[in-house]
Amino acid sequence: MLVWERSAPFKDAGMDLDVVFLSRIQFALTIMFHYLFPPLTIGMGVVLMYLEGMYLRTREPIYEMAAKFWTTLFAVSFAMGVATGIVMEFQFGTNWAPYSRFVGDVFGSALAAEGIFAFFLESGFLAILVFGWEKVTPRFHFFATCLVAIGSMFSAVWIIVANSWQQTPAGHKIVTMVRNGTPVTRAETADFWAVVFNPSTIERLTHTLIGAFVLGSFFIMSISAWYLLKGRHEDFARRSFSGALIFATIASLAALISGHSNAQMVAKYQPAKLAAMEGHFTTGRGDLTVMGIPHPAERKMTMHLALPGMLSMLAHNDPNAVVIGLDKVPREFWPPVGITFYSFHIMVGLGMYFIALTLLACFLRWRGTLFDKRWLLRIFVVSVIGPFVANEVGWVTAEVGRQPWIVHPNVVRDVSGNIAFDAAGMIQYQLSEGLLTRNAVSESIKGSHVLASIIMFSFIYLLLFWVWLYVLNDKIQKGPQPVKILGDKRKGWLSASAARTLHEDSMSEAKDPFGNGGA
Amino acid sequence: MDLHVIWFILLGVLLGGYAVLDGFDFGVGILHPLAKTDHDRRLFLNSIGPIWDGNEVWLVVFGGALFAAFPDAYATVFSGFYLAFMLLLFALIFRAVSIEFRSKMKSTGWRRAWDFGFFFSSFLASFLFGVAVGNGMMGMPLNRQGIFIGDFIDLLNPYALMAGAVTVAMFAMHGAIYLFLKLPQGEARDRVRGWMWHCWGIFLVLYIIGTMYTLVAIPRATVNFRYYPWAAAVVLLNVLAIANIPRSVHRNRPIEAFASSTVTILCLVGLFGIALFPNLVMASNDPANALTIYNAASSAGTLWRMLIIVIIGLPFVLAYTAAVYWTFRGRVELGEHSY
Chain A
1 MLVWERSAPF KDAGMDLDVV FLSRIQFALT IMFHYLFPPL TIGMGVVLMY LEGMYLRTRE
61 PIYEMAAKFW TTLFAVSFAM GVATGIVMEF QFGTNWAPYS RFVGDVFGSA LAAEGIFAFF
121 LESGFLAILV FGWEKVTPRF HFFATCLVAI GSMFSAVWII VANSWQQTPA GHKIVTMVRN
181 GTPVTRAETA DFWAVVFNPS TIERLTHTLI GAFVLGSFFI MSISAWYLLK GRHEDFARRS
241 FSGALIFATI ASLAALISGH SNAQMVAKYQ PAKLAAMEGH FTTGRGDLTV MGIPHPAERK
301 MTMHLALPGM LSMLAHNDPN AVVIGLDKVP REFWPPVGIT FYSFHIMVGL GMYFIALTLL
361 ACFLRWRGTL FDKRWLLRIF VVSVIGPFVA NEVGWVTAEV GRQPWIVHPN VVRDVSGNIA
421 FDAAGMIQYQ LSEGLLTRNA VSESIKGSHV LASIIMFSFI YLLLFWVWLY VLNDKIQKGP
481 QPVKILGDKR KGWLSASAAR TLHEDSMSEA KDPFGNGGA
Chain B
1 MDLHVIWFIL LGVLLGGYAV LDGFDFGVGI LHPLAKTDHD RRLFLNSIGP IWDGNEVWLV
61 VFGGALFAAF PDAYATVFSG FYLAFMLLLF ALIFRAVSIE FRSKMKSTGW RRAWDFGFFF
121 SSFLASFLFG VAVGNGMMGM PLNRQGIFIG DFIDLLNPYA LMAGAVTVAM FAMHGAIYLF
181 LKLPQGEARD RVRGWMWHCW GIFLVLYIIG TMYTLVAIPR ATVNFRYYPW AAAVVLLNVL
241 AIANIPRSVH RNRPIEAFAS STVTILCLVG LFGIALFPNL VMASNDPANA LTIYNAASSA
301 GTLWRMLIIV IIGLPFVLAY TAAVYWTFRG RVELGEHSY
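As given, the protein sequences belong to chains A and B, one line each in that order. Taking the numbering used here, the leading residue of the first sequence gets 1, the next gets one more, and so forth. Taking the numbering used here, the leading residue of the second sequence gets 1, the next gets one more, and so forth.
Quick caveat, the hints were computed from the structure, so don't treat them as lab data. All values reported here derive from a predicted model rather than from experimental measurement. A portion of the hints provided could be inaccurate.
Stated by the list, open to error - According to the in silico footprint, chain B covers these stretches of chain A (three or more CB under 8 Å from chain B):
hint	segment
1	102 to 109
2	127 to 136
3	165 to 172
4	319 to 333
5	432 to 445
6	466 to 475
Unchecked claim - Across the chosen pairs, the derived CB separations fall in these ranges:
hint	chain 1	residue 1	chain 2	residue 2	range
7	B	143	A	253	51 to 61 Å
8	B	301	A	299	38 to 48 Å
9	B	285	A	330	35 to 45 Å
Unchecked claim - Here are a few chain A residues that sit away from chain B, every Cβ distance over 12 Å (derived from the structure):
hint	residue
10	119
11	124
12	288
13	427
Note that CB positions come from ideal geometry on N, CA and C, so glycine has one too.
Make the full structure from the sequences, and use the hints.
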């Protein structure tokens with residue numbers, strides 16, 4: 001922990017501007033805006049690989065048409081992710097200088113690895129994906145698609161490694177040294193692989209990727225459902241919808257399983273976060289909250305509807321197990337209960353909604369009546385908002401639940417590895433390895449500067465968001481373009497199968513993912 | 001050679017790579033308003049179309065590498081230059097939006113507005129990079145912990161503004177030569193030929209002023225020449241490269257001219273490194289407070305591991321970069337996927 005405390009609110013030019021609060025607002029704004037795009041492109045990347053792979057195998061023009069169409073939407077979103085991602089790379093230094101000094105040896109390495117292994121791969125081959133259709137062979141284009149999709153997952157791996165280390169530090173040692181006569185304390189990597197595979201990396205990475213797959217598939221279903229409602233590109237839309245539906249159903253169910261094992265991990269390493277997520281104020285048997293309103297000041301829930309013993313069951317596989325409540329956590333180390341609780345429950349609620357909706361759609365698809373149910377298609381058009389929200393609030397739960405720490409220290413354990421309590425019955429933290437958010441803000445920045453940059457980012461992100469929606473709308477209105485077949489030498493091998501013009505009927509006999517021949 | 005020095009050089013390579021690659025992107029943006037017709041502007045935009053995004057990755061990786069290798073310098077520089085970096089981020093995002101959006105609608109007013117955005121953000125970003133390098137040369141006031149204790153307005157000193165102007169002129173020249181390489185034969189390319197001469201002239205004047213200003217105002221800049229006499233070779237190479245630009249333009253060898261402006265940029269980044277070494281951030285108030293490649297570094301273990309990561313990753317990075325540039329070789333043509 002760093003030695004000094006910043007006095008807040010910070011006096012600045014006659015205004016009381018709290019630099020810590022403003023920097024947190026700025027980080028939340030920039031990361032949440034950025035995070036609209038990465039899960040979408042990670043999810044869509046898998047679909048693009050599938051479509052181009054199928055095209056190479058079957059040489060059916062519809063796959064090429066589909067791949068080209070979804071690539072344009074993918075590319076616009078990817079460019080947004082890159083533009084907003086640059087901000088993230090520098091914000092640790094601009095606003096969180098003490099944090100950067102404290103974690104640079106560990107966190108910086110993961111970020112640099114992301115740069116070298118992932119960013120060059122993604123950005124370089126994205127160019128071939130978008131501009132290279134006529135310049136490279138279909139096989140090389142497929143290869144580029146795979147590299148972009150894999151690159152975006154590499155990005156996820158390294159950034160989750162870095163973030164997970166902040167949640168459950170491992171593989172490091174805290175070192176104090178003297179520089180220019182001043183003591184400096186920081187975390188240094190002791191065991192690189194223990195940092196990479198810290199206790200929460202795998203669980204959190206799995207859940208994050210699954211969240212991305214849910215979003216990618218709902219995005220495709222939403223646009224396909226809109227085409228079906230409008231009666232445009234119907235065969236294309238039916239196929240896209242059906243393929244995405246399988247993907248969405250599997251991902252939604254997997255999210256439930258991986259969410260469960262994440263909760264067990266949080267129960268073990270971050271008991272205060274779990275207690276805040278569930279509004280669990282009193283230590284004892286844990287009930288699983290379905291709904292309720294937490295009142296942290298009075299340490300109770302109102303309008304509380306809960307399944308008795310289910311939280312104990314889920315966290316410890318035993319309906320009578322003791323779940324640590326917020327009463328065992330020193331008050332100063334409570335996360336903000338309201339935000340953590342609501343964001344978590346919104347995520348879980350949405351997750352259940354995805355499962356119900358996709359299972360219903362699968363059933364109707366099997367019965368062959370899905371595409372006649374216009375009300376359900378309308379629901380699918382708007383349901384794409386759900387996974388965007390779920391991905392965001394999931395991260396809000398993880399990051400706000402980590403407060404007041406920016407680097408969450410491990411809890412003190414007894415010899416058998418169980419959480420130990422002090423004389424007052426409270427859990428204790430390994431204070432030296434943690435860093436409080438309020439001590440992590442740059443010393444040299446002023447509240448007015450941060451406020452100015454927040455205004456600037458709000459302006460430019462509104463503009464960016466408008467650009468993105470505008471371009472998406474434009475591309476969707478235009479729809480998938482029939483591929484040009486004649487007059488291109490490189491595509492000569494296609495002419496045998498594709499001498500006919502491409503229109504709906506020519507594809508209906510092709511295989512569909514459910515094997516029952518369309519609606 | 002010790003690890004710290006290797007990392008100092010690696011950061012120089014990343015910064016140099018970024019300056020060369022995004023340098024011509026910015027240059028194209030700075031020259032963009034001079035294009036006469038909408039068709040010409042689209043040619044300009046599409047000359048960098050497939051590659052500008054990948055070029056920016058060099059900056060991102062430079063930031064990540066600085067964070068990992070020298071976290072204290074990363075923290076001090078980025079928090080100390082707060083508003084300048086926020087403006088830079090603004091310029092970089094705005095530039096991306098302008099490029100993506102410009103050709104999406106036919107209206108003249110619409111395209112004019114985004115053309116201006118593309119020009120202005122390219123100009124601003126180039127200028128700010130120059131200002132940052134100028135302030136790096138001057139050093140900044142630091143306390144014992146290596147934390148910036150000055151004011152934002154200190155950053156806008158005459159030397160830094162001059163460095164900004166040199167950078168804008170240099171990138172404009174680099175961009176003009178790049179355009180000459182990439183544009184198809186025609187009226188637009190003939191006009192670019194004239195711009196190369198003008199940009200080179202302006203750059204030469206500013207380069208001479210900047211060199212004299214540096215020699216007078218920043219004695220620290222030449223100290224290392226005493227310890228490392230080979231550094232004089234960088235100066236010589238720099239001068240030869242600058243002189244070779246008009247020669248190759250005159251002989252109609254654009255590739256050679258482009259190589260020369262690339263070498264010019266790399267030499268200037270190298271001279272910046274020679275002026276700094278072994279400091280990363282010089283302290284203008286008390287030299288003892290400087291952040292050096294030793295006191296601002298991560299642990300030796302981390303520097304080693306990061307070096308292994310670079311040794312594994314770098315061949316791939318160079319291979320992808322080569323593959324992408326090879327794919328988009330040759331003159332620009334406008335097609336259905338163009339901006």
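The hints, checked one at a time:
1. 102 to 109: Contact hint for the segment 102 to 109 of chain A vs chain B: holds, 7 residues under 8 Å.
2. 127 to 136: With 9 residues closer than 8 Å to chain B, the segment 127 to 136 of chain A meets the three-residue bar; holds.
3. 165 to 172: It is violated: at least three residues are needed, and the segment 165 to 172 of chain A offers just 0 whose Cβ sits closer than 8 Å to chain B.
4. 319 to 333: Per the Cβ count (0), the hint is violated.
5. 432 to 445: holds (count 4)
6. 466 to 475: Coverage by chain B holds for the segment 466 to 475 of chain A (4 residues, Cβ < 8 Å).
7. B:143 / A:253: 51 to 61 Å: Holds, at about 56 Å.
8. B:301 / A:299: 38 to 48 Å: At roughly 45 Å between Cβ atoms, residue 299 of chain A and residue 301 of chain B fall inside 38 to 48 Å, so the hint holds.
9. B:285 / A:330: 35 to 45 Å: holds (41 Å)
10. 119: violated (5 Å)
11. 124: For residue 124 of chain A, whose nearest Cβ neighbour in chain B is about 4 Å away, the distance does not exceed 12 Å, so it is violated.
12. 288: Holds, because the least Cβ-Cβ distance between residue 288 of chain A and chain B comes to about 41 Å, which exceeds 12 Å.
13. 427: holds (30 Å)
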